[in-house]
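Chemist: Chain by chain, the residues run as shown.
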Amino acid sequence: MKDTASLSQPVIEAKGVDLVFQTADGPVQALKDVNLVINRGDFVSFIGPSGCGKTTFLRAIAALEHPTSGTLTVNGMSPDEARRKRAYGYVFQAAGLYPWRTIAGNIRLPLEIMGFSKAEQEERTERVLELVELKGFGKKFPWQLSGGMQQRASIARALAFDADILLMDEPFGALDEIVRDRLNEEVLKLWARTGKTIGFVTHSIPEAVYLSTKIVVMSPRPGRITDVIDSPLPKERPLDIRDSREFIEIAHRVREGLRAGHHED
Amino acid sequence: MTALWLAVGVWLAAWALNVWLAGSRVSTTGLGRALVPLIFGATVLVLWEGLVRGLGVSPVILPAPSVIAAKIAVELPVLWQDFAQTILKGAIPGFLIGAGAAFLVAIAIDRSPFLQRGLLPIGNFVAALPIVGLAPILVMWFGFDWQSKAAVVVVMVFFPMLVNIVAGLQASERMQRDLMATWGASYGQSLLKLRLPAAMPFIFNGLKIASTLALIGAIVAEFFGSPIYGMGFRISTEVGRLGLDMVWATIAVAALAGSVFYGLITLIERWVTFWHPSQRH
Numbered sequence: 001m002k003d004t005a006s007l008s009q010p011v012i013e014a015k016g017v018d019l020v021f022q023t024a025d026g027p028v029q030a031l032k033d034v035n036l037v038i039n040r041g042d043f044v045s046f047i048g049p050s051g052c053g054k055t056t057f058l059r060a061i062a063a064l065e066h067p068t069s070g071t072l073t074v075n076g077m078s079p080d081e082a083r084r085k086r087a088y089g090y091v092f093q094a095a096g097l098y099p100w101r102t103i104a105g106n107i108r109l110p111l112e113i114m115g116f117s118k119a120e121q122e123e124r125t126e127r128v129l130e131l132v133e134l135k136g137f138g139k140k141f142p143w144q145l146s147g148g149m150q151q152r153a154s155i156a157r158a159l160a161f162d163a164d165i166l167l168m169d170e171p172f173g174a175l176d177e178i179v180r181d182r183l184n185e186e187v188l189k190l191w192a193r194t195g196k197t198i199g200f201v202t203h204s205i206p207e208a209v210y211l212s213t214k215i216v217v218m219s220p221r222p223g224r225i226t227d228v229i230d231s232p233l234p235k236e237r238p239l240d241i242r243d244s245r246e247f248i249e250i251a252h253r254v255r256e257g258l259r260a261g262h263h264e265d
Numbered sequence: 266m267t268a269l270w271l272a273v274g275v276w277l278a279a280w281a282l283n284v285w286l287a288g289s290r291v292s293t294t295g296l297g298r299a300l301v302p303l304i305f306g307a308t309v310l311v312l313w314e315g316l317v318r319g320l321g322v323s324p325v326i327l328p329a330p331s332v333i334a335a336k337i338a339v340e341l342p343v344l345w346q347d348f349a350q351t352i353l354k355g356a357i358p359g360f361l362i363g364a365g366a367a368f369l370v371a372i373a374i375d376r377s378p379f380l381q382r383g384l385l386p387i388g389n390f391v392a393a394l395p396i397v398g399l400a401p402i403l404v405m406w407f408g409f410d411w412q413s414k415a416a417v418v419v420v421m422v423f424f425p426m427l428v429n430i431v432a433g434l435q436a437s438e439r440m441q442r443d444l445m446a447t448w449g450a451s452y453g454q455s456l457l458k459l460r461l462p463a464a465m466p467f468i469f470n471g472l473k474i475a476s477t478l479a480l481i482g483a484i485v486a487e488f489f490g491s492p493i494y495g496m497g498f499r500i501s502t503e504v505g506r507l508g509l510d511m512v513w514a515t516i517a518v519a520a521l522a523g524s525v526f527y528g529l530i531t532l533i534e535r536w537v538t539f540w541h542p543s544q545r546h
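Chains as they are written, first to last, in my numbering: chain A, 1 to 265; chain B, 266 to 546.
What the hints contain is simulated information worked out from the structure, not anything from laboratory work.
Incorrect hints may appear among the rest.
To be verified - Calculated pairs, PhoX-like style, for lysine-lysine (alpha carbon to alpha carbon, straight line, at most 25 Å):
(1) A:Lys85 / A:Lys118
(2) A:Lys118 / A:Lys135
(3) B:Lys354 / B:Lys458
(4) A:Lys15 / A:Lys85
(5) A:Lys118 / A:Lys140
(6) A:Lys118 / B:Lys473
(7) A:Lys118 / A:Lys189
(8) A:Lys139 / B:Lys473
(9) B:Lys458 / A:Lys140
(10) A:Lys214 / A:Lys189
(11) A:Lys85 / B:Lys354
To be verified - Derived list of chain B stretches under chain A, where covered just means 3 residues or more per stretch with a C-beta under 8 Å from a C-beta of chain A:
(12) 432-445
(13) 448-459
Beta carbons: idealized from backbone N, C-alpha and C, even for Gly.
Produce the complete structure using the sequences and hints provided.
Modeler: Next comes the structure, spelled out in structure tokens:
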């Protein structure tokens with residue numbers, strides 16, 4: 001773990017961020033007046049119904065979308081600069097592995113692009129494969145693996161180049177509950193081991209509460225933040241923490257926040 | 266008449282044999298899979314021979330396969346010279362130049378929306394020109410020898426290749442392109458490592474279509490002027506002399522060349538796009 005002094009260091013700062021999409025049906029306000037500070041080492045979940053802008057906000061952090069007004073900084077830079085400095089790894093809802101490359105080849109891809117030496121590519125690929133428990137599967141092709149294993153490989157790929165920030169957009173949304181539980185546990189372990197800052201989009205309340213140190217509740221039309229909950233749960237989180245009183249109370253508060261957002265429609 | 270009945274008998278026997286083969290365990294082996302079409306092909310030849318002999322068909326209407334085979338054996342040097350002129354000098358260079366040019370233009374189009382709007386309609390226009398109108402013009406421009414044939418092939422091959430490569434370059438998924446962006450990949454890196462591999466199934470479709478067009482183009486173009494050899498020249502002059510056995514011999518060579526050309530591209534395709542769902546076994 002990083003020392004405590006660095007823990008309160010802001011990594012991502014949004015001030016009055018608005019984002020309007022121009023569509024054929026006229027402008028759509030995807031984000032309205034979003035203010036948020038994410039500190040180093042935070043595990044932040046974004047939760048809300050579809051259309052609340054949670055994915056758009058994550059994409060804006062990654063410079064895949066651009067705010068129409070307000071300021072958004074990543075490591076004190078603009079998101080575009082941060083992207084060029086390879087500040088983050090991004091995990092999408094689908095694994096998005098390239099079928100013509102082996103699992104190891106896929107993990108090596110960002111490393112090739114970023115110009116790591118051959119030896120370092122090998123060493124890093126081995127290390128992250130072990131980290132996501134896919135050791136020995138490097139020579140397989142993606143279509144030979146199950147959905148859960150593919151998603152683990154895509155996480156390994158995002159980890160390979162050791163960016164400080166890991167952005168995950170409903171990474172386990174397409175997987176069944178049992179696989180999802182296991183992967184959630186693994187993500188937590190990973191986070192504890194690496195001390196990365198994680199932004200995690202989900203529409204599952206238990207997932208958000210189980211994983212996060214900070215839960216951002218959002219609501220749609222226009223997409224905005226309605227509540228930010230700092231989780232009092234300890235860093236060590238066995239799966240059965242989900243039956244504890246504290247867990248249920250936070251889940252309740254998240255649900256209330258989501259409901260309040262809906263009533264305002 | 267006996268030849269006819271013999272042929273029909275062989276045909277029925279071979280049919281029965283093939284039905285049995287297809288249903289038996291032999292058909293699951295490599296040999297069995299090759300045997301069925303081979304028997305079928307041989308049967309067609311036997312039936313053809315029997316029909317022509319038994320019904321006394323004039324060799325001008327349809328020569329027997331044995332006559333065509335005999336002609337091929339006798340005229341091998343001439344057929345080879347024709348093949349070299351039309352396929353090796355006309356079709357293949359034209360195919361390579363046309364496909365290569367289409368590739369370069371496709372990249373240019375990909376980089377510039379202006380070209381996309383300007384060049385695709387022009388390409389479309391050229392592709393719509395009938396070959397019987399185009400070939401004489403190109404023969405005027407490039408002379409009687411193989412250069413004008415290659416030019417006709419370039420024109421015929423260019424557009425189907427262009428359309429397929431442009432479509433292929435857009436075939437990668439948005440998410441995969443987003444990933445490239447998050448890694449800060451340059452245009453060239455993203456092209457080389459993502460978009461070209463993703464385009465390969467399209468490109469090979471284009472190459473397969475283009476391979477048959479190249480053969481047609483090179484042969485037909487010779488109808489509009491050529492030296493005194495070449496497959497198109499041979500067909501047009503031998504038809505005039507009622508030398509139909511030679512016409513059929515040339516057609517046999519063309520069919521064989523076309524199949525080998527197509528088969529070669531399919532083999533390379535299987536090797537390059539092994540990952541595509543249509544190629545996984």
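Chemist: Hint by hint, work out which the structure violates, then give me just those numbers in ascending order.
Modeler: Violated hints (numbers, rising): 3, 6, 7, 8, 11; every other hint is consistent with the structure.
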